[in-house]
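Starting from the known structure of chain A, fit chain B onto it as the hints suggest.
Here's the letter readout for the chains.
2 protein chains.
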Amino acid sequence: MTASPWGLDNLPYGVFSRTGGETPRVGVRYGDHVLDLAGALHDEVFATGSLNAFMARGSAAWRDTRAVIRNKLATDPAAVEPHLIPLDRVRLHLPIEVGDYVDFYCSLEHASNLGRMFRPDEEPLKPNWRHLPVGYHGRSGTVVVSGTPIVRPSGQRGAGVFGPSAKLDIEAELGFVVGGPSPLGGRAGRFEDHVFGVTLVNDWSARDIQAWEYVPLGPFLGKSFATSISPWITPLEALASARVPGRAQDPEPLDYLRRAGQWGLDLALEVRLNGEVVSRPPYREMYWTPDQMLAHMTVNGASLRVGDLYASGTVSGPEAGQRGSFIELTWNGTEPIKLSDGSVRTFLEDGDTVTITATAPGPDGNVIALGEVSGTVNPAR
Amino acid sequence: MTASPWGLDNLPYGVFSRTGGETPRVGVRYGDHVLDLAGALHDEVFATGSLNAFMARGSAAWRDTRAVIRNKLATDPAAVEPHLIPLDRVRLHLPIEVGDYVDFYCSLEHASNLGRMFRPDEEPLKPNWRHLPVGYHGRSGTVVVSGTPIVRPSGQRGAGVFGPSAKLDIEAELGFVVGGPSPLGGRAGRFEDHVFGVTLVNDWSARDIQAWEYVPLGPFLGKSFATSISPWITPLEALASARVPGRAQDPEPLDYLRRAGQWGLDLALEVRLNGEVVSRPPYREMYWTPDQMLAHMTVNGASLRVGDLYASGTVSGPEAGQRGSFIELTWNGTEPIKLSDGSVRTFLEDGDTVTITATAPGPDGNVIALGEVSGTVNPAR
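Chain order of the listed sequences is A and B. Numbering follows UniProt numbering, with no gaps: position 284 of the first sequence is 284. Numbering follows UniProt numbering, with no gaps: position 14 of the second sequence is 14.
Just so you know, these hints were derived from the structure itself, not from any lab. Treat the hints loosely; a few may be bogus.
If several chains are the same, the list does not tell them apart, and a pair holds so long as it fits within one copy or across any two.
What the hints assert, rightly or not - Capping the alpha-carbon separation at 20 Å, the derived lysine to any residue pairs in SDA-like fashion look like this: (1) Lys72 <-> Gly31; (2) Lys126 <-> Gly115; (3) Lys126 <-> Pro318; (4) Lys126 <-> Gln249; (5) Lys126 <-> Val161; (6) Lys72 <-> Trp6; (7) Lys126 <-> Gly160; (8) Lys338 <-> Asp352; (9) Lys126 <-> Ala159; (10) Lys126 <-> Phe162.
Just chain A, same shape as in the assembly (with noise of 0.2 Å):
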């Protein structure tokens, strides 16, 4: 038999509350199943609304934490039976309370598809694109959990123009989680010290508003109205099979960029329309990896909080079909994408769902699932 995607090696966090009105608190899942670790672990960090108090104990504690859980679950399943609860009994809250929410740029393929789309006559990436992972400050007020309905904005679409947006498009990003603070003047340590876990992202894009408001100070109202992650977030221990160096990197960065530690990560993404799979975006082609981002963050003195979360950028493959975002897929709607009911698609329309997934190889030649994001896209108000 196969090992569960949701096994002993995989345990990601989640906040859960029991249908019918208890209090959301902190879980982890095994299989089909959250152990309510408040009650599991008799400790009270863990009946709260989210993981914030926990990841604040610092990378010491979480790795403890996870050794404990791992062999009650493995050794002792009558003393936790108790504690665990069916999925199908619980409703799942955003995870963390978040700080700052930066969003990083750090595929090539999509960095470079974008510029071709968006600035037709120059070169398509910008003379810093290789020098520094290009990043901004998004919305984090608005990072709503999996299954939050994303209402279609309203906004700008041009000199005048007003209404719905006409090119509702998602971004399928990989999601960094910090759970240890720096202080304001210093500087990042160890990546693995920072960055509690992954969580995957959906970072919705209205392009039309963006591509009118986003000079010169960048993207706002095109990407603020929403942000969706995971109820799960997958602690970098379940990852240390997947890590790989990254990609080749040419200039060599500067030293406060250089990589330590092969953060690049071998996860396979899926993108699905309606059900159907439109992408398979390969996190392990991004340029720039996390520990990178990390380490550019802070270089400046900026501090980090518990809670602050950090995404990769659309994850964009060299081909085609690994393209994660439908701006790319269908080339700004001039190629759209053909579904197996006939119907096509360029932008999403009202009622579309889009649901991410990921999975990742696990210590012994199994696979490990990341929480899906999933939302559905309902009419502009």
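For chain B alone, coordinates are given in the frame of chain A:
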């Protein structure tokens, strides 16, 4: 005798602790004293380290509380006297827990000046500028209270060039503190039901880092190392006599940006370098008014949270002595400022102290002071 600029018509809110380790709590400034509100009003909502819990009560409570405080101070000085603490015996703290921080770009002159310097071969204003208040998200975790030392940031200043910023600058701005939330997928309502008050903002900026990094996604590390705000939040009601229609706009803004209620503000800012006035930016000259910024920020369905902060962007007026940043005052360093001691400045040097103050007209020909925002530059680490 002239009325104090910190009298009954002002009464800004802040968070203080008595020298000697008391936990921070909410007060209002009255003359050279702080009124301890938890003590004076017997209300535990003020016995917390930020204004957020009080702000969450809503705009009716803001008005009622202000009326009660004014009445007590005016009619029953003996009763409040035990709760008045001399300013020189308290420490002032960051007054709010900042949710999201958005920075706009609302001065026609500032946007034009920067366009001329950063993009000399193009029209200074981008095509969108007169159609919408351009803005972007900044880093809320590095918003600090006035007096916090500012460590000179390091970063990339060009391809392969790394080191301390050689173009450290300020931006003199007005900030708006959101006390009334709005739902995801909805829009903000009346300005005065969402915005609790105003604060002076210094959006410290490293121009060399910013110029290299900011395409195409906007400013990031050139700004995220620190943003200083005043310890005092001036309630909107104290600015009643400062309200003006706002500068004429051409073209006519779209419906959702139509002004309501005269939220142009006749504030006179002063920027001091090491005590010497170097600029007097007039807030009333701003092109986009704060009610327009609020409407724009939420037109796409983005929610507001208690504690969100948004700022106007650099306040620069039409005259040379009214520019709110050194990059403008010195035209990117090409026209140094002469100081009274015979020295000159282009950008900031280590040890420099920048202080921004402002006044507004009060109800009886008197003057209201805003809390100053000040910071001293420390050497790079």
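Here is how each hint holds up against the structure:
no.	hint	in the structure
1	Lys72 <-> Gly31	within (15 Å within a copy, 62 Å between copies)
2	Lys126 <-> Gly115	both (8 Å within a copy, 18 Å between copies)
3	Lys126 <-> Pro318	within (19 Å within a copy, 33 Å between copies)
4	Lys126 <-> Gln249	within (16 Å within a copy, 34 Å between copies)
5	Lys126 <-> Val161	between (29 Å within a copy, 17 Å between copies)
6	Lys72 <-> Trp6	within (16 Å within a copy, 62 Å between copies)
7	Lys126 <-> Gly160	between (29 Å within a copy, 15 Å between copies)
8	Lys338 <-> Asp352	within (15 Å within a copy, 62 Å between copies)
9	Lys126 <-> Ala159	between (26 Å within a copy, 12 Å between copies)
10	Lys126 <-> Phe162	between (30 Å within a copy, 18 Å between copies)
The structure is consistent with each of the numbered hints, conforming to all of them.
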